[in-house]
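> What follows is each chain in one-letter form.
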Amino acid sequence: MIYLDLLFTFLKIGLFTFGGGYGMIPLVQQAVVGKGWLDAETLYQYIGICESTPGPIAINMATFVGSSQAGFWGSICATLGVVIPSFVIILLIAAVLKNFRENRYVNAALTGIRPVIGGVITATGAYVFLKCLIANFDVLSDMHADIRQIIVAAMLGIGMFVWCKLLKKKFSPILLIVFSAVCGIIVYGL
Amino acid sequence: MDGKMKRCLNLFGTFFKIGLFTFGGGYAMLSLIEHEAVEKQKWISGEDLMDIFAIAESTPGPVAINTATYVGYKQAGVAGSASATLGVVMPSFIIIYIISLFIEQFMALTIVQNAFMGIQVAVGFLILRAGLRLMKKVPKDIFSRILCGGALIAMLLINIFAWDFSTIWLILIGAVCGIMAMTIRKAGGAK
Chain A
2 MIYLDLLFTF
12 LKIGLFTFGG
22 GYGMIPLVQQ
32 AVVGKGWLDA
42 ETLYQYIGIC
52 ESTPGPIAIN
62 MATFVGSSQA
72 GFWGSICATL
82 GVVIPSFVII
92 LLIAAVLKNF
102 RENRYVNAAL
112 TGIRPVIGGV
122 ITATGAYVFL
132 KCLIANFDVL
142 SDMHADIRQI
152 IVAAMLGIGM
162 FVWCKLLKKK
172 FSPILLIVFS
182 AVCGIIVYGL
Chain U
146 MDGKMKRCLN
156 LFGTFFKIGL
166 FTFGGGYAML
176 SLIEHEAVEK
186 QKWISGEDLM
196 DIFAIAESTP
206 GPVAINTATY
216 VGYKQAGVAG
226 SASATLGVVM
236 PSFIIIYIIS
246 LFIEQFMALT
256 IVQNAFMGIQ
266 VAVGFLILRA
276 GLRLMKKVPK
286 DIFSRILCGG
296 ALIAMLLINI
306 FAWDFSTIWL
316 ILIGAVCGIM
326 AMTIRKAGGA
336 K
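So the sequence lines, in the order shown, correspond to chains A and U. Take the first sequence: its position 69, counted from the start at 1, is 70 in my numbering, and no numbers get skipped. Take the second sequence: its position 116, counted from the start at 1, is 261 in my numbering, and no numbers get skipped.
One or more of the hints may lead you astray.
Dumping the calculated DSS-like pairs for lysine-lysine here, alpha-carbon to alpha-carbon at most 25 Å [to be verified]: (1) U:Lys-185 with U:Lys-149; (2) U:Lys-281 with A:Lys-166; (3) A:Lys-99 with U:Lys-187.
Which stretches of chain A does chain U cover? Using the computed rule of at least three CB atoms under 8 Å from a CB of chain U, they are [said to hold, decoys possible]: (4) 52-66; (5) 99-107.
Partial pick of chain U residues on the chain A-facing surface, computed with a CB cut under 10 Å [unchecked claim]: (6) Ile-197; (7) Ala-213; (8) Ser-226; (9) Val-234; (10) Ser-245; (11) Ile-248; (12) Met-262; (13) Ile-264; (14) Gly-276; (15) Ile-291; (16) Leu-292; (17) Gly-295; (18) Ala-296; (19) Met-300.
Derived by calculation from the structure, the hints in this document are not laboratory data. Predicted model, so just to flag it, every value in this text is computed and none were measured. By construction, the Cβ of each residue, glycine as well, lies at the ideal position given by its N, Cα and C atoms.
Construct the entire structure; sequences and hints are all you get.
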């Protein structure tokens, strides 16, 4: 049943998300693309929308994927799934395991988990980036540079340089997404 | 009982506001939560909040949910944590659900498709940036570097060749390596 599948998939994702919303993206990509729920491009579009709407990225993503697969109740199941592990674990820590932070096994495990998360998120970002810039990236015999995406990337690079270094303004993800949307409309519309 | 009900409603309202006005994920929430929970409502001290964030970072799940659950529990027990968590989740849920109803018609427009071709590049960049930031915080010892580099290469290969190997295993391997390293270090220190 799709509702249970959504609930358990997102339970598992919630249980292994470390390092904030971005830590969830590799897990969501594997689960959602692997199950054939969404193709990778659609997922990246969803991530773009989740980045530019308010609220935790993890909740936005769960609601979005759930709704795309099974409507309202699907989004309820996926969102519940991603919230329950956090909720239960934090309640346990607040109520019973007050010295959780001092536990040396927990700390030792975290010294191993943190570097892995850093590597995993970086690799996922690099993969998304490469997939954009190289057309047919998955088909070794037919991959070639996607000129238009490279132009968009160059425009983003120049835009960010001007914004952050020359104008000394603060970087914000939403601004970058809006700017990239304008670049896309210009480059692909012409 | 009446007082508790009131506190729960207040928690719900405050965290609803926090969920509604935070863009860019849990970490962006830090300053807003500080403003609301520490300065305005005086629910917890600044130090407590730092502790909560440390716990939220070392437990799985979205930082926003972890923090809401913890602050809610401190204020009004299990009912409080449920109110705060529901509050922080609801704005996201409603907004994204409404968007998801119209997404297909929206995506059918050529101009929107073009915009999203650009947005994909930005999404790749944002994920990469988040990863590099975390990597920068990784301690500079050999153990951490090998784990980090190993995970990076493994994940790239898994993605490129679409291997059926869950990221969850990489995380568990990291946890086991961390515990093993501590055990070895302790055994070495005991001699």
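> Would you mind marking each hint as holding or not holding in the structure?
Tested hints:
1. Distance hint between Lys-185 of chain U and Lys-149 of chain U is fulfilled; the C-alpha atoms sit about 19 Å from each other, no more than 25 Å.
2. In summary, the hint linking Lys-281 of chain U to Lys-166 of chain A is supported, as the alpha carbons are separated by about 21 Å, within the 25 Å threshold.
3. About 22 Å separates the Cα atoms of Lys-99 of chain A and Lys-187 of chain U, which keeps this hinted pair within 25 Å; it holds.
4. Here the stretch 52-66 of chain A counts 12 residues with a CB under 8 Å from a CB of chain U, which clears the bar of 3, and the coverage holds.
5. Counting residues of the stretch 99-107 of chain A whose beta-carbon sits less than 8 Å from any beta-carbon of chain U gives 5, enough to reach three: the coverage restraint holds.
6. A cut of 10 Å between beta carbons decides the hint on Ile-197 of chain U: the least distance to chain A is about 9 Å, and the hint holds.
7. The restraint placing Ala-213 of chain U at the interface with chain A holds, with a minimum CB-CB distance near 9 Å, inside the 10 Å limit.
8. For the restraint placing Ser-226 of chain U at the interface with chain A, the shortest Cβ-Cβ distance is roughly 6 Å, inside the 10 Å limit, so the hint holds.
9. Contact between Val-234 of chain U and chain A, as hinted, is supported at the beta carbon level, the nearest pair being about 5 Å apart and thus within 10 Å.
10. The restraint placing Ser-245 of chain U at the interface with chain A holds, with a minimum CB-CB distance near 4 Å, inside the 10 Å limit.
11. With its C-beta approaching chain A no nearer than about 8 Å, Ile-248 of chain U sits inside the 10 Å limit, and its interface hint holds.
12. Using the Cβ-Cβ criterion of 10 Å, the hint placing Met-262 of chain U at the interface with chain A is satisfied: the shortest such distance is roughly 4 Å.
13. Taking 10 Å as the C-beta contact cut-off toward chain A, the hint placing Ile-264 of chain U at the interface holds, the least distance being around 4 Å.
14. Checking Gly-276 of chain U against chain A by beta carbon gives a least distance of about 3 Å; that is within 10 Å, so the hint holds.
15. A hinted interface residue such as Ile-291 of chain U counts as satisfied when its beta carbon comes closer than 10 Å to some beta carbon of chain A; here the least separation is about 8 Å, so the hint holds.
16. This hint holds: Leu-292 of chain U has a C-beta 4 Å from the nearest C-beta of chain A, less than the 10 Å allowed.
17. Because the beta carbon of Gly-295 of chain U sits about 7 Å from the nearest beta carbon in chain A, less than 10 Å, this interface hint is met.
18. With a cut of 10 Å, the hint placing Ala-296 of chain U at the interface with chain A holds, because the nearest CB-to-CB distance is about 3 Å.
19. Residue-level restraint check for Met-300 of chain U holds (minimum Cβ-Cβ distance to chain A is 4 Å; threshold 10 Å).
Going through the hint list in order, the structure satisfies each hint without exception.
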